[in-house]
Amino acid sequence: MPGFRWLDRIKKTKKRQTAAHKPRQSATSGRVPEWSGAGGLLSADLEQNLQRIKRTLDRCSDVVYREFAFAQMEKVRLVLIYVDGLADKSQISDQIMRALALEVPMAVPGRKISRAEALEFIKRRGLCMHQVKEADRLEDVVEAVLGGDTALLVDGHPVALINGSKQWEKRAITDPEAEPTVRGSRESFIESLRTNTAMVRRRIRSPALKIETLQLGELSRTDVALLYIEGLAEEKLVEELKRRLSRIRMDAVLESGYIEELIEDSAWSPFPTVNHTEKPDHVAAMLLEGRAAILTDGTPFALTVPNLFIEYLQASEDYYERFIFTSAVRVVRFIALLVSLMLPSIYIAVVSYHHELFPSTLLLSIAAQREAVPFPVFVEAVVMELTFEVLREAGIRLPRPIGQAVSIVGALVIGEAAVRAGFVGAATVIVVAFTGIASFVFAYSASIAFRLLRFTMMAFSAVLGLFGLISGVAVIGIHLCSLRSFGVPYLYPLAPAAIPGLKDTAVRAPWWAMLTRPRLIARDNQVRQGRRLKPEPPPAGPKGGKG
Amino acid sequence: MRRIAALILLALLVVPQAGCWSRREINELAIVLGAGVDQAAPGQVRLTVQFAKPAAFAGSGEGRSAGGGQGASWVVSAEGRTVDEAARHLSWKVPRDIYWSHCIALVFGEQMARAGVREALDFFQRDREPRETMWLMAAQGEARDFWETFSALENTSAQAIGLINRMKAGYSVQVREMAEMLAGRGIQPVIPRVVAKDEGVSPSPAKEKAGGGFKQVEIAGAAVFKGDRLVGWLDDEETAGLCWLKSKPVYGEITVAGPGGAAKKATVAIRRGKAKIKAFYDSGKGEKVRFDVQLTVEADLVEMQGDEDIARPDVLRALETELGKSVEQTAAALAARAQREFGADIFGFGQAFHRQHKKEWRALKERWDEEFARAEVKIRAEAHIREIGLLSRLTSPSER
Amino acid sequence: MREQTKIDGKQAVMLMLSMILPTAILTIPSISVRLARQDAWLSVAVAVLAGLLFARLSVSLSLRFPGRTLIEYAVEVLGRAAGKVVGVLYIWWFVHMGAVVIREFGAFLATAIMPETPMIVFNIVVAAVAAYAVWCGLEVLSRFNQLFIPLTVFLAVAFVLSIKDMRLERILPLFDTGLLPVLKGAAVPASWLGEIVVFTMIIPSLAAPGSAHRLACISVLLIGVFLILSILEALLVFGPEMTAAWFFPTFNAVRVVSIAGFLERLESVITVVWVVGGFIKVGVFYYAAVLAGAQWAGLRDYRPLVIPFGVVLVSLSILLFDNTAHMFAYLSQTWPAYALLVFEAGIPLLLLVAAMIRGKGEKGGR
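Here the protein sequences line up with chains A, B and C, keeping their order. Just so you know, we're using my numbering here: the first sequence kicks off at 1 and counts up by one. Just so you know, we're using my numbering here: the second sequence kicks off at 1001 and counts up by one. Just so you know, we're using my numbering here: the third sequence kicks off at 2001 and counts up by one.
Incorrect hints may appear among the rest.
To be verified - With beta-carbon atoms standing in for the labels, derived distance ranges: (1) B:L1390 - C:L2179: 29 to 37 Å; (2) C:S2315 - A:F455: 27 to 35 Å; (3) A:V390 - B:P1249: 55 to 63 Å; (4) C:I2120 - B:R1362: 44 to 52 Å; (5) A:R243 - C:I2318: 44 to 52 Å; (6) B:G1232 - A:A421: 56 to 64 Å; (7) C:V2342 - B:A1006: 38 to 46 Å; (8) B:A1169 - A:L362: 41 to 49 Å.
Keep in mind that the hints were calculated from the coordinates and are not lab data. Ideal Cβ positions, reconstructed from N, Cα and C, are used throughout, including at glycine.
Kindly produce the complete structure, drawing on both the sequences and the hints.
Written out as structure tokens, the structure is:
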């Protein structure tokens, strides 16, 4: 194509550049960074092992080497290696050192333990640790130590004993900060993976709950757990998930968000295809619908897949309160959804193009307001929206006591003053404020998509009025229809329509009516609960009257 | 991929160049509330428009004087050969875009109405801004004089007359109904008549002294058209009769002789009137068309001067009979007037005839007005009184 | 080239509904009432009967060649040369239809909603949105359709709200002008309902092709019901003379609605429903055209054709008619004969007869 030859030229230069810069690529190609002395099997010689380890962990001042010996184990050097702060020091003192000190004389009274049997003895009888593993490679030992375990090197054996002694300062289990609740469990995940998996395990005590662990990140070696309920979650889903996870090669996985971006279905869509939550009961509910969850060490946010659009209209407390009330709340949320996406655009469109839509008195009232304002509605609305966004971001970053006050004061004062000064019309301020409040109805991640799209919609409606708005919404709609999350259409159960699934969308059917699980997610195992669970008053007995 | 990005970029850059064609800010609009069409010189129409002055409508009450007074509207006129040409000439005087979508009422001046309104109505139906639900009226005198009026309760007289029409205080007609009546052969149009009168006290006497006056608008009867030309006026009672015969709701009251005799009157409010029209065609001797109209009227008793006990059924029935007679008389007089004086079928009898005798209609429809004038119309009325208020009888010291 | 995706029965019915209904409600009432006056709704009933016949014809034809579209089996039935000619004719027809539909919507928007905006803007935007949907595939198009179909409930709501202004006498007497005008008035709605022939391009993508007969019938009946309701709405509110005078009487009927003094000015809501319907209708014809083109040329994927066809659609939509009056004249006079005789009934009948005579296809398709 002749007109695009300049584009091809651009392409070629880019190629040259990347070729020249190749060696500067980061270590994310999957190779382990060069550690001096790393790798290889342990030798039977303790001193050699120790030197190699010390070389690898050179200048790591938090690593502690504790050498000791026992009289009855003649000439057997023992060295404990652990990281101060990651290993439980009281366990080390009690369960390793004191245990050995006490056991050794009691076990074999009278005779000395030879070097050859030292290892077996220590491992089988000496240590009182709850978890002991063997390692014969240097990198495994180093990895274990850096993970918080304690390595015990025994002279004369090419094997190190790894004692599970992980213990570090953790945050207490508190209220979830990003998902406040009125009713229901207030526990939220914390940064420790084991505690998190335990919280989920407590809620699903079935052996069908599978927790598979893997490590991601070359330098961070983050523990990541994959949870699913066997028999409910589709095998294809779990396999696909594992496949995508295994493709991840990064320096570090510091937060579940890193994982999310690397496993999601569509990087360019404003709508997330992977959901996240801080609450264990939410994760449990997701698992029970046949979804899978990913817990990441170091962050309280768990990921759930597949993610459907409808989840943004649902909150876990919907299921705890009675269905009439929560159905009404769902409707309110839906309205808030439409408002947060479209209200400023509708306002701009009607005020700029479709004045016949207003009742006469309202039109005249708005006209009176706008006599004083110099800017077109679109400019006003965009400026006010941007101001609101700035206020919101500032509100998040400020320390809590000040944050609320500044947001409220900022919004009120600025809004009021702007109206007084004649920069914006009062109606615009009302519209923008209501839109902002409506967008808070959703979880932060969902509202981001709408915040972005809202500006696009405003631009469309400023150019082509209601027709532009409708076109924009149609484009968004088509995009949502084309999106899939791990194979499940994003808008299920709205489109493709599945009548049983609709019981949990706009309204929430009472528990005794929700007989099946979502069809497309838990394909094979759909029946959720027994029938006839609707509570009924007990039949009147022979005594008659109200039971 | 790169090509797509370039194309999208080009498209995005092009869009802002074009501008937004239909965009108009609200404060660029001159909002029309009421319009009037008069005949100026022959071949020329005069368009009079009452604009709203937005500053007077501010919600918080700033700038709004009590009752709006003189500050809320601005009346301008311009002439041209057609209505739209007159509107163009208006734009020479008006600094904003003339915006018709909120026009509440359209008034034809008497002279214009007598000359024919069909041509003027075309603009108001073809253009997409004026709405089909505008109230249509004929003014006694000039429409321009009609619009230079004010209202004490509402901000503008256009809003006032619109609300009066909406309340159906008289016989209310929307532009689309007029269009329907004009298009049909079996009915001739009737629209309400309005006048501008000096009433009440002006909120700002200074202006009144300066000669501005304080004229208000009111609805008074109806205007009868033959085709699209005005041929006569109906007064209030006749308008009520028209409403009954056309089965239209009416918010009006009539006074009849009370059950005790003509000296003591009773006033009833007629809630609904329904007419069942039976059309007959007597072919043969003279080929006459005959109509048998059964009027049923429901009313509430509002005021009674006599002291009969209305709770007694015979008294009530007497009143009903009296009411029925009165209704019959009014309706018959109106029908006679329509036949003899106007020669116009304003009730839609022709449409009823069409529905019931479609073959004969085909032959008669070309000269329906003549047939109607010749037709025999028999009206029977039956009245029912539904509500009688809180009082059964007026107490008087002559008892005990 | 075969479509990989499958749509189920419900989606198919809704797709057919959205394919035929939007412009039908907009433009048919005026045309039919001009011919049949207040019996226009009876004309539509007649047209529905004709539509059922067309549906039967198209589906029977398609079921003889399961898994293949019209373009593909035309070659089988008529031989390579004639089959290819038929294919080109249908590609042309789908493109022509798509352009006419785009034009209809552009005309409506430019006349009734935003007159200052040049029509080409509306046409381009409508075509662009439809192009996006077509690009994503049939399944996405039908899902999008499912998402927005509930909006059509507003049509029923509008009908209910206008009951206040309706008077039954306006559609009496029946058969005022006799039977012939009723039949004449049925020609245009029939040609609209005959668009069901597009179903032949969709049938191969059905999850359960055997139910195609039933689905087509249901579609035609539903469309008929909605269409009759719309015409009745306009007729009962305005009477036959006014309905024939307006270009878009259903639009005007909604403008008149006024409940309790504040529920007024509802035409914007209806406009939204129509515009979205317009996107989908254009999308379906666009899809049919592009799919037909790809199958005719033997391409593996129809996507490269989307943009070129889009450009053609938009240009054609501008060039076809000089103005709205020209368009209406064309739709009422030229269109029925052209569409019905050739594409909706003529060629399918020819193909079916030829297939039966030459023994092509599978008999058990019924």
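Comparing the hints with the structure gives:
{"no.": "1", "hint": "B:L1390 - C:L2179: 29 to 37 Å", "result": "violated (60 Å)"}
{"no.": "2", "hint": "C:S2315 - A:F455: 27 to 35 Å", "result": "holds (32 Å)"}
{"no.": "3", "hint": "A:V390 - B:P1249: 55 to 63 Å", "result": "holds (57 Å)"}
{"no.": "4", "hint": "C:I2120 - B:R1362: 44 to 52 Å", "result": "holds (47 Å)"}
{"no.": "5", "hint": "A:R243 - C:I2318: 44 to 52 Å", "result": "holds (50 Å)"}
{"no.": "6", "hint": "B:G1232 - A:A421: 56 to 64 Å", "result": "holds (60 Å)"}
{"no.": "7", "hint": "C:V2342 - B:A1006: 38 to 46 Å", "result": "holds (42 Å)"}
{"no.": "8", "hint": "B:A1169 - A:L362: 41 to 49 Å", "result": "violated (25 Å)"}
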